[in-house]
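Place chain B on chain A using the hints.
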Amino acid sequence: MYRAILCALTASAAVAFAAGAAEAQAPKRGGTLNFSVVAEPPNYDCHGSTTFALIHPIAPHYSLLVKFDGKDYPKVVPDLAESWTVSPDGMTYTFKLRGGVKFHDGSPLTSADVKATYDRIIAPPQGVVSIRKAYYSDLGVETPDATTVVFKLKNPMAGVLEALASPYNCVYSAAKLKQNPRYPETEIFGSGPFTLVGHVKGTSWEGKRFDGYFQQGKPYLDGYKIFFVKSAAVVPGILGGQFDAEFRGRNPSERSQLLDKMKDNLAVYEGPWVTNLMLVFNTTRKPFEDVRVRQALSMAIDRWGGSEALSKISILKYVGGVMRPGYAMALPEADLVKLPGFAKDINKSREDARKLLEQAGIKDFKFKLLNRNVPEPYTPAGVYSIDQWRRIGVTAEHEQLETKLYQDRVASGDFDVAVEFQADFMDDPTAQFSKFLTKKTSPSGYSGHTDAKIDEMYEKQRRTIDVAERTKLVREMDRYALEKAYNVPLLWWQRIIVNHKKIKGWHMTPSHYLWQDLADVWLDQ
Amino acid sequence: MLWYVIRRLLLVIPTLLGVAIAVFFLIRVMPGDVVVVKLRADGAAVTDEAIQAERKRLGLDKPLHQQFTEYLIGLPQLDLGKSLWTGDSVVKEIALRIPVSFQIALMSTIIAVVIAIPLGTVSALYRDTWIDHSVRVLAVSGLAVPSFWLGMLIILALLSLFNWLPKIGYVSLWEDPITNLSVTIWPAISVGYRYAAVATRMMRSALLEVMREDYIRTARAKGVWTRLIMRRHALRNAMLPVVTVIGLEFAFLIGGLVVTEQVFNINGVGKLFVDATARGDFNLIQGLVLFIATIFIFVNLIVDLMYAWLDPRIRLS
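Line order of the protein sequences matches chains A and B.
Those letters in the first sequence? Residues 35 to 559, by the numbering used here.
Those letters in the second sequence? Residues 131 to 447, by the numbering used here.
So here's chain A without its partners, still in its complex pose (with noise of 0.2 Å):
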């Protein structure tokens, strides 16, 4: 497995080779970029969103304070900041912001706009939402000079600048903050490199190149024109013609069919995606609340196995724990093995499955598998784990409810066993460990367990900043989410990109959220 991974890492380096080589051409000024987003946003407030549909469309007209590399992912880089230090004790950073940086009106970005957006994330005026205000509690804003600003933590907290670089954070301006908080909802009003010319609801998004952008020559887009689609248009629309690229991600039978027909015309992209399927038991129910059937149940599944098989029809791949495979922090594969459910050996696995069953008194084990009615990737996750768990003789019924159905049903705890996922715009241990905490602890803690343990494992690591002490933090907590099996991940995903050979500049990262600004993006033609 951990040879895939490093086939789609040197891959991903081929093909960032290649870009590179195209790098090395001068980028070309000019040309609009069509391309499609799967979902529109509800409205255009970063901080009150949670949605890709929003990124895609709003990220080229927001600047961030510091943003993820999409070169050298998970590097951190600077965007309105022109560099930053931390003190010592890892509790002050400050950040130095460029000159002449100016919203799309022409008016001046200085530190109190920074301050102002912070300020609306961490404590929201009435009537506006900030969806990470949690996540920034412990940072104050401070801005000692118009170029100058200054987070000082009141505790300490790992990942700082990953969370700072959110493509969530844009930044707005101060000034009509004041006149009305809520602005972001219904107007654009950023600094980025692309000013608004019109949002169709339900049709397309247009933006144009901001001339007034702080990175001299850049954009080099005249303009870039999103469709909203289906996801099921979204092969025919750039085999008509009618779009060039799409950044989500596609499936595998997808990139087949665009390769069939237009091969020459193609640039694909293939790589680790910052998003897993889990199976959650749900421990307020019997048998579940028995760490012997939730691990029985995770040791029947063949995931090394299923892999294989389902990374040829769907977006599952890669063999993982709670952190990314291949992510700095993961268990190194030699430790996940050694683990429920991770095990090569699938015959032993589920003999001992088996046995655990036993000991625990189960016979004609019978439950209800709860799952969206969303065909990619999870009604293969759902008819995949059914055959593993009837293996060894387990029944399970597959019954696969629309998203809003489903949501509440899990959020009421309303199931056995439902097969969850979590995504996030980042690796950090923080926000993916967020479905295996307590519900005390987390909204998302659908297993229902009330396990204390793992929440303090996971206070103690978001307090760690040595990376090498987290790191070893974070690999235990793995570990032991992985023997208590509350949620068991299943598989992670893989993104596929399939885009126009002519757009360059673009680098895929393992998050869709990222590198979305399209400042470095050019046409080839």
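Don't read these hints as lab results, they were simulated from the structure.
One or more of the hints may lead you astray.
Derived DSS-like pairs: lysine-lysine, alpha-carbon spacing no greater than 27 Å straight-line [claimed, not checked]:
(1) K297/B <-> K264/A
(2) K474/A <-> K297/B
(3) K389/A <-> K400/A
(4) K222/B <-> K264/A
(5) K506/A <-> K487/A
(6) K62/A <-> K105/A
(7) K382/A <-> K438/A
(8) K210/A <-> K212/B
(9) K62/A <-> K242/A
(10) K259/A <-> K62/A
(11) K473/A <-> K167/A
(12) K297/B <-> K438/A
(13) K62/A <-> K252/A
(14) K535/A <-> K297/B
(15) K192/B <-> K167/A
(16) K536/A <-> K105/A
(17) K167/A <-> K186/B
(18) K438/A <-> K212/B
(19) K264/A <-> K438/A
(20) K264/A <-> K295/A
(21) K235/A <-> K186/B
(22) K212/B <-> K235/A
(23) K438/A <-> K222/B
(24) K222/B <-> K235/A
(25) K346/A <-> K320/A
Since we're looking at a predicted model, the values are computed, not measured.
Chain B in isolation, oriented as in the chain A frame:
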């Protein structure tokens, strides 16, 4: 006639009020929370505090009776509230989608009428001949083939034969007629074929029935030309049930092109309905149900008025 129309229009008010009340309470029985779908559907761990803040912002924290009162107060002013998903006015959301849905419904109706009336008539006149059999095969095929499937075939055919697909997005017919027609003609054909099949069968059976009537036999006995019999006596009477079918289908198409609109990426009322239902956007669903109910009421009224025009014996009183 005028009093009849006025009375029918006045009846619209209690009818729509009944629909509004029923839909307000019925959709709230449905499980699912628009806020949870909006904030957690992408997998992010969103706190309950953020969920509650969004519910408060949307007014969903208010007691049901208060929400209902506000809704009722808004109705006479055509204020159907704001979409819980986008925050825009429901009227604006629906109005944006009406032109394209209306145009496709109208074009489908024209296609259906142009095909159904001559084919149904010919089929009835040449009953049990090869012409009749051919028309019946065509009509049964139209009924058997779902519109969205035909739509998918059309898309695949355009793609593989011409490597071309219609532009995404709607441009007004007056602004750019060629682009407009290149976008709307394909869904109109795929829906119009099924619609024509229904109307053809209705036309054929209605005409066969009329042709057996005594007054037709009398006219024939008197030696009146078949063409004259058809035009003066048979067709007008046979059109009565056909007009009903055409009217109801037209009303249905305004909001019922659910799958076809998705197949052709048409941003119409049907797609909006599906999205609103999937998200649990109560306010938008209420608005859409009221809009479609209004369309049905008015189309029924027009159909009734056409009855009187087609058959002078029918008195509207």
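Straight-line Cα separation of K536/A and K105/A no greater than 27 Å?
-> 18 Å, holds
Mind checking the alpha carbons of K389/A and K400/A for me, to see if they're no more than 27 Å apart?
-> Between K389/A and K400/A the Cα gap is close to 17 Å, so the pair holds against 27 Å.
Distance restraint between K297/B and K438/A, which requires alpha-carbon spacing of 27 Å or less | 31 Å, violated
Restraint status (C-alpha distance of K438/A to K212/B at most 27 Å) = 20 Å, holds
Are the Cα positions of K264/A and K438/A separated by 27 Å at most?
-> The given pair, whose Cα atoms are some 18 Å apart, holds under the 27 Å limit.
Has the given pair, K438/A with K222/B, been kept, meaning a C-alpha gap of at most 27 Å?
-> 25 Å, holds
Given pair status - K235/A, K222/B, alpha carbons within 27 Å | The given pair, whose Cα atoms are some 11 Å apart, holds under the 27 Å limit.
Agreement of K167/A and K186/B with the hint, judged by alpha carbon distance not exceeding 27 Å | The given pair, whose Cα atoms are some 17 Å apart, holds under the 27 Å limit.
Given the proposed pairing of K62/A with K105/A, does the C-alpha separation stay at or below 27 Å?
-> 19 Å, holds
For the pair supplied as a hint, K474/A and K297/B, confirm whether the alpha-carbon distance does not exceed 27 Å.
-> 50 Å, violated
Pair hint K346/A and K320/A, alpha-carbon separation not exceeding 27 Å | Status violated; Cα separation ~36 Å.
Mind checking the alpha carbons of K382/A and K438/A for me, to see if they're no more than 27 Å apart?
-> The hint is violated at about 39 Å.
Checked against the numbered hints listed earlier, the structure breaks hints 2, 7, 12, 25; every other hint is satisfied.
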